[in-house]
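Novice: So the chains spell out like this:
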Amino acid sequence: MQTLLQTPLHERHVAAGARMVPFAGWEMPVQYEGVIPEHRAVRTDAGVFDVSHMGELHVEGPSAHALLQSLLSNDLDKVGDGEAQYTLLTNERGGIVDDLIAYRITPHHYLLVVNAGNREAAYAWVKEREIRGSEVRDASEDYALLAVQGPRSLERLGLPEAKPFTHAMGEVDGVEVMVNRTGYTGELGVELMCPAEDAVALWDAVVARGVVPAGLGARDTLRLEVCYPLHGNDITEDTDAISAGLGWTCALGKDFSGAEELRRIKEAGAERKLVAFVMEEKAVPRQGMPIAGGGEVTSGTHSPMLDKGIGMGYVPAASASPGTGLTIDVRGKERRATIVPKPIYKREEQ
Amino acid sequence: MAASEEYPEGLRYHREHDWARVEGDEATLGITWFAQDALGELVHFEAPAEGGSTTLGTSYGEVESVKAVSDVIAPLSGEILEVNQKVVDAPETVNEDPYGEGWLVRIRMSDPAEADTLLDADAYKAFLAEQ
Chain A
1 MQTLLQTPLH ERHVAAGARM VPFAGWEMPV QYEGVIPEHR AVRTDAGVFD VSHMGELHVE
61 GPSAHALLQS LLSNDLDKVG DGEAQYTLLT NERGGIVDDL IAYRITPHHY LLVVNAGNRE
121 AAYAWVKERE IRGSEVRDAS EDYALLAVQG PRSLERLGLP EAKPFTHAMG EVDGVEVMVN
181 RTGYTGELGV ELMCPAEDAV ALWDAVVARG VVPAGLGARD TLRLEVCYPL HGNDITEDTD
241 AISAGLGWTC ALGKDFSGAE ELRRIKEAGA ERKLVAFVME EKAVPRQGMP IAGGGEVTSG
301 THSPMLDKGI GMGYVPAASA SPGTGLTIDV RGKERRATIV PKPIYKREEQ
Chain B
1 MAASEEYPEG LRYHREHDWA RVEGDEATLG ITWFAQDALG ELVHFEAPAE GGSTTLGTSY
61 GEVESVKAVS DVIAPLSGEI LEVNQKVVDA PETVNEDPYG EGWLVRIRMS DPAEADTLLD
121 ADAYKAFLAE Q
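Protein chains in written order, with the numbering used here: chain A, 1 to 350; chain B, 1 to 131.
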């Protein structure tokens, strides 16, 4: 049996009554009080997620920019110091090795925050393609990462407003942190990165400020309500960015790994598309369930905000427009759903 | 609010974490505190049809939380007289009151002697302790 890795906050989670589960080689909290109350806390106030299992790769050197510009799908020239960008590592077939956020520290230093389950693959992918004047380093063990998300997150942390996809050094109750205005919930929020040895002090400070601990269960329902793809479910090495609706992350005017194939798919039109849907009958769609007419559910759950089953899945491009009815095979029973525009959940304007 | 852990005396328990309250030739069935706690807050009860039947040891429905789905195993065989519509409409009722408002179905037993094969509260607690 493989030993699971633990984040520096493991004891805090156990003490808080978290249910710990294996996830991508780590022992992680799936829930504390319950997925639904934690989900609602993030939508209405603020929640904190330990995402220290995610990987951090430093790419440094005078050629760091050139290396990343040749491997990442998005245009790194659009990112200045103190800014960040959602982007993809793509293979020669246009498949997605990982989706990640690239933070520009200086013109010669970038930080890539990658998925826990893809940390080794992403590191190896970039490392094997290093060029003279660039160096890639996996620093995942050095850092803890806390995502503090929700409409009251900044207020509770006492942090200033900042534009999405920016970062700056800051401080929370004496703990120095890199404050990243990014997240995976669709809410206002930050991801706080600190040295691993400061993780407990930072967690305690955040929780003392009234932020609710939230687990991976709520992280999944939150991201699915706003249709953020999950690598391994909705996007994989065998799915391309165009079909996944991530064409906006692909600077097809530049050369990068897989660009040629992606240009071809865009020109010819994707054969299938990743759509969002809402169940019309009581049922919870799950990954792998067949969609009639040649499709498959890639992510499914029960939406705490809509109190309905929701999901995403690939369907033939000809029948992928919002309003189209779907029939999903829920363990042998046909259940009706309707394709909806993304995101599935959007806060009603006040 | 979730209920606190208990296994009432007077109920009969099945090792698949189901309970039965036997009254004459009828019985009310549900899932135990342990089962609802393992699943988390329920969001769906895939109920059987009234008039259908249950068979000891086999599934008669599904209960589903945000993260997981589980078959509901019948602790007794019989004809389904009534499905708890309150749980169909508000599945979290099972978490709030697993032995009361959160019952799942009422049956007319086809073989009342089956009840003797089930565990009493102490035996079920001992069984849980071994898990």
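Hints should not be assumed to be uniformly reliable.
[What the hints assert, rightly or not] Below, a list of computed lysine-lysine pairs in the PhoX-like style, where the Cα atoms sit at most 25 Å apart:
id	chain 1	residue 1	chain 2	residue 2
1	B	Lys86	A	Lys282
2	A	Lys346	A	Lys282
3	A	Lys163	A	Lys342
4	A	Lys78	A	Lys254
5	A	Lys333	A	Lys282
6	A	Lys282	A	Lys342
7	A	Lys308	B	Lys125
8	A	Lys333	B	Lys86
9	A	Lys78	A	Lys163
In short, the hints are calculated from the structure, not lab data.
Novice: Indicate, hint by hint, whether the structure satisfies it.
Specialist: Tested hints:
1. B:Lys86 with A:Lys282: Measuring from Cα to Cα gives roughly 14 Å; hence the hint holds.
2. A:Lys346 with A:Lys282: 21 Å, holds
3. A:Lys163 with A:Lys342: 22 Å, holds
4. A:Lys78 with A:Lys254: Cα-Cα ~13 Å, so holds.
5. A:Lys333 with A:Lys282: Judged against 25 Å, a Cα distance of about 11 Å means the pair holds.
6. A:Lys282 with A:Lys342: Holds: Lys282 of chain A and Lys342 of chain A sit about 21 Å apart, inside 25 Å.
7. A:Lys308 with B:Lys125: Roughly 35 Å separates the two Cα atoms, so the pair is violated.
8. A:Lys333 with B:Lys86: 22 Å, holds
9. A:Lys78 with A:Lys163: 15 Å, holds
Checked against the numbered hints listed earlier, the structure breaks hint 7 alone; every other hint is satisfied.
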